[in-house]
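Take the sequences, apply the hints, and build the full model.
What follows is the residue order along each chain.
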Amino acid sequence: MIYSVPGTPGAVVNAKPQYENFIGGKWVKPVKGQYFDNVSPTNGKNFTKIPRSTSEDIELALDAAHAAKDAWGKTSVAARAVILNKIADRMEQNLELLAVAETYDNGKGVRETLAADMPLAIDHFRYFAGAIRAQEGSAGELDEDTVAYHFHEPLGVVGQIIPWNFPILMAVWKLAPALAAGNCIVLKPAEQTPWSILVWMELMADLLPPGVLNIVNGFGVEAGKPLASSKRVAKIAFTGETTTGRLIMQYASENIIPVTLELGGKSPNVFMADIADKDDDFFDKCIEGFVMFALNQGEVCTCPSRALIHESIYDKFMERALARTKAIVQGNPFDTNTMIGAQASNDQLEKIMSYMDIGVKEGAKILTGGKRKIVPGLEDGYYVEPTIFTGKNSMRVFQEEIFGPVVSVTTFKDIDEAIAISNDTLYGLGAGVWTRSVHDSYRLGRAIKAGRVWTNCYHAYPAHAAFGGYKASGIGRENHKMMLDHYQQTKNLLVSYAPKKLGFF
Amino acid sequence: MNRVEISPEALLMLKKMQGIHGALMFHQSGGCCDGSSPMCYPLNDFKVGQADVFLGFVGDEECRAPFYMSGSQFEYWKHTHLTVDIVPGRGSGFSVEAPEGVRFMIRSRLFEDNEWAILEKEPVLTGQNH
Chain G
-10 MIYSVPGTPG
0 AVVNAKPQYE
10 NFIGGKWVKP
20 VKGQYFDNVS
30 PTNGKNFTKI
40 PRSTSEDIEL
50 ALDAAHAAKD
60 AWGKTSVAAR
70 AVILNKIADR
80 MEQNLELLAV
90 AETYDNGKGV
100 RETLAADMPL
110 AIDHFRYFAG
120 AIRAQEGSAG
130 ELDEDTVAYH
140 FHEPLGVVGQ
150 IIPWNFPILM
160 AVWKLAPALA
170 AGNCIVLKPA
180 EQTPWSILVW
190 MELMADLLPP
200 GVLNIVNGFG
210 VEAGKPLASS
220 KRVAKIAFTG
230 ETTTGRLIMQ
240 YASENIIPVT
250 LELGGKSPNV
260 FMADIADKDD
270 DFFDKCIEGF
280 VMFALNQGEV
290 CTCPSRALIH
300 ESIYDKFMER
310 ALARTKAIVQ
320 GNPFDTNTMI
330 GAQASNDQLE
340 KIMSYMDIGV
350 KEGAKILTGG
360 KRKIVPGLED
370 GYYVEPTIFT
380 GKNSMRVFQE
390 EIFGPVVSVT
400 TFKDIDEAIA
410 ISNDTLYGLG
420 AGVWTRSVHD
430 SYRLGRAIKA
440 GRVWTNCYHA
450 YPAHAAFGGY
460 KASGIGRENH
470 KMMLDHYQQT
480 KNLLVSYAPK
490 KLGFF
Chain B
774 MNRVEISPEA
784 LLMLKKMQGI
794 HGALMFHQSG
804 GCCDGSSPMC
814 YPLNDFKVGQ
824 ADVFLGFVGD
834 EECRAPFYMS
844 GSQFEYWKHT
854 HLTVDIVPGR
864 GSGFSVEAPE
874 GVRFMIRSRL
884 FEDNEWAILE
894 KEPVLTGQNH
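Heads up: the sequence lines are chains G and B, in that order.
When you number the first sequence by the numbering used here, it's gap-free, plus one each residue, and the end is 494.
When you number the second sequence by the numbering used here, it's gap-free, plus one each residue, and the end is 903.
I should point out that these hints are in silico values taken from the structure, not numbers from a laboratory.
Since the model is a prediction, treat every value here as computed from it, not as a measurement.
From the three backbone atoms N, C-alpha and C, an ideal C-beta is built for every residue, glycine too.
Take these hints with a grain of salt, some might be off.
If you want the ones that stay clear, here's a sample from chain G, every Cβ over 12 Å from chain B, calculated [as the list claims (entries may be wrong)]:
| no. | residue |
| --- | --- |
| 1 | 7 |
| 2 | 238 |
| 3 | 246 |
| 4 | 247 |
| 5 | 289 |
| 6 | 333 |
| 7 | 342 |
| 8 | 481 |
| 9 | 486 |
Derived coverage of chain B by chain G (criterion: at least 3 residues anywhere in the stretch with Cβ under 8 Å from a Cβ of chain G; other residues may be distant) [claimed, not checked]:
| no. | segment |
| --- | --- |
| 10 | 796 to 805 |
| 11 | 809 to 816 |
| 12 | 883 to 896 |
Quick look at the structure:
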C-alpha cells in the first residue's frame, strides 16, 4: 500500500500552513513573531512554518507549568493513570494519521512508523499508567518506636529536549514517566522534526489540564539553551550528542539539578562461530540481526554499526549478509513495502557522505553501497545506499557514530578478542550477541560494557526493559519503572512514636 | 603544520556569528543524532575540561576560534587532519549557526607521513593552557 503524501488528495493527514507553541493549554504565537520553514526529508520540500521561539517563550511556558504543578502533583495516581490510558487510546484511534505524519516529518518508512514507533509509544503510556498505580513507598521499622516512611513526590517542573530520530517515540519515552510521576513539562522538539509532535499535541490537547504539558519549538541555541539553563526547572532530560550533553550538565551544575542523558553509541554486534553450525531458522535470524544496521536508516543511537564476525565463518556469513543487504528495498517512505527511507536532513546526509570519504581514505573497503541514492520522483530527498565497510576497529568509521545505514565489519579469533574489540569504544549503549551457546552468551553479555546487550535478538525496545548507557553514552535509564525515580523526589518522614525524651538535654 | 583548519565558506559564517555572539570556540562532538559534528559556542559558554585537547585555532587575524576535542576521542582522531566546512541543514544541538539554516561539519583526511613525523614530536596541549 502507498499512502498519499500529506497535502495531496487522499492524504490521511495534512499540515496547516503554520503552527504555534502549545502553552498553558492554548496555541500561542512566539513572542518575537518569528518562524522557520520545516522541510520534509522525503522530498526536500518546505511544507509548514514552525515557531522560532526564544527565551521569552520558554519563560511563558515555565509560567504555565509552574501554575499547573501543584494541582497536577496532587492529582491522584489513579486519575493520572486514566489520563495516560486515554492518551494511549486516542493514539491508537489515530495510529495511521500519526504514523504518516511521522514519516513525512522524519523520512523513515511508514512500515516502521505503523509497526514500531506508534505501537511502542502507545504501549509506553499504558506501561507507565500501570507502573505508577503499582508504585509504593515504604515503611521501615528502625526500632520499636521509630519508623522511616518513604514517599515519592514529583520534582515539579521539568525540561525535556527531544531528538529527531524517533520524534514522537522519544518524546513519549520522556513524557510518559514524567507525567505519571506528577510533573509538569516544558518540552522542546528537535528543529528537524517539530511537526509530528505538534500533530500529536493537537489530538491530545483536551486530555491534559492546561499547563501540564507545554511545547516550545525553536533552535537549540535560542530555545533549548534557555530551557536547559533555566533556574526554574527541577530536572533536565536530553537525548543527543556528547558535547551538548556536557554543556547541559554544566548548566545543570550551576542550578544543582539532576540530568538524564542519552548520548549515543557505537554498538558492537557479535556473531560467534556456532551460529553457522546449522543452516536453519536461527542462522537466518542471525543474518537479519546483521542487517539491522539499516533499520531506521541507521539513525538509532543503538545502531549495530560494528559487526564482529568469527573468522572461521566470515566468508559464509558475509556472503549471506551481503545478499540480504542488497535485497533491502529503499525508496518511497510512504510505500509499506519500503524497508528504509530518507535520512532526516541534508546535513545528516552530508555527514554520512563525509564518513564514506574518510572510511575509504583510512583503507576500509566498501563491500556494497557507499553512495547517495537518487529515488525516482523523490530526487531531492536525502537517501543513502545501505553500506558495508570492512576494516579495523581503530578506524574512524568503527569509532564514530555515523548515524546512517552504514556498518563496519571486522573479525575476531576467540571470545576474549570479541570482548576486547566490543569494549574498545568510547560508548556503551547497546550491543548484540548471537550464539547457540548459553555459556558464551552469558559471558559476552556480562563482559560487554553496555547498558543493554541484546542476546539473539536486536533493536527490540519494549517498555519494562531498562535502556541507557555506560561510559560516554549517558546517565540514567529509560523505558522502565525505575525511570519514575528519575522524575521523583524521595521524601523521608522519620517518626518517633516514643513518648519519652532522649535524655540528652 | 596544523591539525585543523576552516574552509573559506565556513569562515564567512564564523565571522557572521562572531558579529552576533562575540568570540567563539569549537568543540568536536561525538555520539548520537547531531553528533560527530563540531559545535560552535560563544567562548567560555562551554567549560573546556582539563582532559580536552586543543587542536589549534581556526580562522584568521580578524576572527579566530580555538578548536577542542575530548581527550579520549582525540586518541581515535589524532591521525587525521580536520577541516571545518559548512553545509545547508539544521543541526539539533546548541551550535550557534543552526538558525541560519546551515551546519558546520568536519571533512577529514589522513596526515601524510612527513606531516605525521612533525606532529608526532609536538606536545599535545590540553585544557585551556595554550
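Now the hints, each set against the structure:
1. 7: Given a closest Cβ separation of 18 Å, the condition holds.
2. 238: Contrary to the label, residue 238 of chain G does not stay out of reach of chain B, its closest Cβ about 10 Å off (not over 12 Å).
3. 246: holds, 17 Å
4. 247: holds, 19 Å
5. 289: violated, 9 Å
6. 333: Residue 333 of chain G not clear of chain B: closest Cβ-Cβ about 9 Å, inside 12 Å.
7. 342: violated, 10 Å
8. 481: holds, 34 Å
9. 486: holds, 49 Å
10. 796 to 805: Check passed, 6 qualifying residues.
11. 809 to 816: holds (count 4)
12. 883 to 896: violated (count 1)
Violation of the numbered hints given earlier is confined to hints 2, 5, 6, 7, 12; the remaining hints are satisfied by the structure.
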